[in-house]
Structure formats: structure tokens, C-alpha cells
Amino acid sequence: MGATVFVMDISPLMQEDVLQLHMEAALPRRREKALHMRQREDRARCIGAGILLARAYDYYCRENRESAEADSLVVFADERNCDAGGPSVTSATATDFNHFIPVAEDLPQEKTAEKAWMASQYGEMAHVIPCDLAHASEKELLEALPKVLYTEKGKPYFAQGPCFNLSHAGHMTVCAMAPYPVGIDVEKVRPCREAVMKRCFREKEILRVRAAEDDLEADRTFSQIWTHKEALAKLTGNGIADIFQMGKDGAGEVTEQADISFYSMWLGAEYVLTVAKGLPSAKCHRQSPGQSGQNSRPKSGYPCQC
2 MGATVFVMDI SPLMQEDVLQ LHMEAALPRR REKALHMRQR EDRARCIGAG
52 ILLARAYDYY CRENRESAEA DSLVVFADER NCDAGGPSVT SATATDFNHF
102 IPVAEDLPQE KTAEKAWMAS QYGEMAHVIP CDLAHASEKE LLEALPKVLY
152 TEKGKPYFAQ GPCFNLSHAG HMTVCAMAPY PVGIDVEKVR PCREAVMKRC
202 FREKEILRVR AAEDDLEADR TFSQIWTHKE ALAKLTGNGI ADIFQMGKDG
252 AGEVTEQADI SFYSMWLGAE YVLTVAKGLP SAKCHRQSPG QSGQNSRPKS
302 GYPCQC
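The opening residue of the sequence shown carries number 2 in our numbering; numbering runs sequentially from there.
No lab work stands behind these hints, which were simulated from the structure alone.
From a predicted model like this one, the values you see are computed outputs, not experimental measurements.
Hints are supplied without guarantee of correctness; some may be wrong.
What the hints assert, rightly or not - Below, computed lysine-lysine pairings styled on DSSO-like, alpha-carbon distance capped at 27 Å: (1) K148 to K34; (2) K34 to K140; (3) K154 to K199.
Could you build all of it, start to finish, from the sequences and the hints given here?
Below is the structure:
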């Protein structure tokens, strides 16, 4: 069974007037969470994560992705980016993320230019869905979204599935959904930090960073390895302590585990995402009948679940 990864560029939400439109349309619990954030960029990412989750859930259920055999990528692309170049999505090398549903063939005739641009950017590797974040049009999708609950350690879940996980960085928001546990992390490339590697990286991972040909390659390798660790911590739901422990346990890299598969891909040159997938036989966390579930905010120290 495959996982579905959703990507959305939330750059338009960084504009105050556009953000306010979506703040007003947001569900009360999401709006309240955003209002507690001081920085506009953080509020935009919070609201953007809610929008993406609603769109992802609608697509996942409507297209019956739970029964899909292959992994797939769905990109919600802002129509206005088509003329400006927009974000590009490229596969990283040596991944198993090679089964994508094709670019949609049923776009309206007036969208021919956008369709041509999307095909040139994404080729046959993704299903690209045009959207316009200048208008808050997700109210029905947001209202149909199940209530998000949290485990004792802060991992979000739907009471009756599917499993999902969210992440954001900069102006990118991503979501993974599957009928089994998943974890996802996206990072904007950041400078390599020796102190972090000494505490959280295994010897083989440190050697791979240090073998880079230049500083940029080292930063990109460092960032990608970090997404492996966050995605795994979010898959297990054990939190940041897992990341620290990953620097101590095992000689190989964290991706060398028989019961978990990883794949990474680059969103343009600045962003990298990694998905960690559990075994298809693993079960999502589901709420038992009569169980109230946790509905508080995630505990401090848990990797961002948006």
C-alpha cells in the first residue's frame, strides 16, 4: 500500500490581507492557535498547515488513496506562480519514490498555459492541482475535516484514520497520509552545525557530511540527514528524545532499518523533505469507542506537528 505526499507553497499567506482572509475562514481551534503566535510568518504557516490538511484529507478520501498500491505526490500549486516560475519539485537520487500518478489531463481549456508550465516543472511525476490562495475557499473542506486528537506524547491523529503527519519550513508546507503510520519533515537548507552532529548524528552520518565537496553540499547533506531523524521521530511519536538517542544507537545511518522505509526529495534547491513509512501491516493510532482522546496542544519538545 502506498503513501500520499501533499505539498503546498504558502507564500501568498505571508501577505497580511491574504492571511486575514484565511484566518477568518479557519476553524476556531486552528485560528486560536495561530493567534497565540507573535510572528506573522508563524501564523501563516499554522493556517497554511490547516488548509493543506483539509485539502489532503478531501483528496485522499475522494480518490480512495487508502487502497492505492503505489506512493504518489500531489502538489497544490498557486495559479499565480505559473507566470512567475513557481516552485519546482525534483526527485532526489537513490529513492524509492518513483511511482507517481500522472499530471491531471482534465484541466479546463482556459488553464492550458498553467498546465503546460506545470508539466514542464513536474513532468509525469506528480498530480498538480491549481489553487488560488488569494481567496479563502476551503470552508466546506475545513468543516468536513475530522477533529484532530493527540496522543499522550503529542502526536496528532484522526480517531478513525487515516494516519497523517504535517511539517512546514519557510514557505513550504507538506503532509503525508497513509493507512499505516507515517512521519514527514521538510527543512530549508541550513548551515551544518558540528555541535548538533556530535550530539545527534551517528558516525557514518558525520562522515558523509564531512565528505562533501564544498560547504553548500555539506549544508544540503546535513539538512537531509536531519529530515531523516525528524521524520523517524514523528513516525514513532516518541519526540525529540528519539533524535538525541539516534546519535548514540547503531553504527549505520538511521535510514538503515529493516522495518521502516525512507525516501527524500528536493523541493527546488532550498527545501528537502523526507518521509518515514512504517510497515503496511502496522496500525494507525485509533480512538477506542468511548475514549475521549487527548485534545490539548502537543507537549513541548515534540517535533512540530503543525
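Results for each hint:
Among the hinted pairs, K148 with K34 is consistent with the structure: their alpha-carbon atoms are about 15 Å apart, no more than 27 Å. Only pairs whose Cα atoms come within 27 Å are accepted, and K34 paired with K140 is accepted, the gap being roughly 18 Å. This hinted pair checks out: K154 and K199 have alpha carbons roughly 26 Å apart, not beyond 27 Å.
Going down the numbered hints, you'll see the structure goes against none, and every one checks out.
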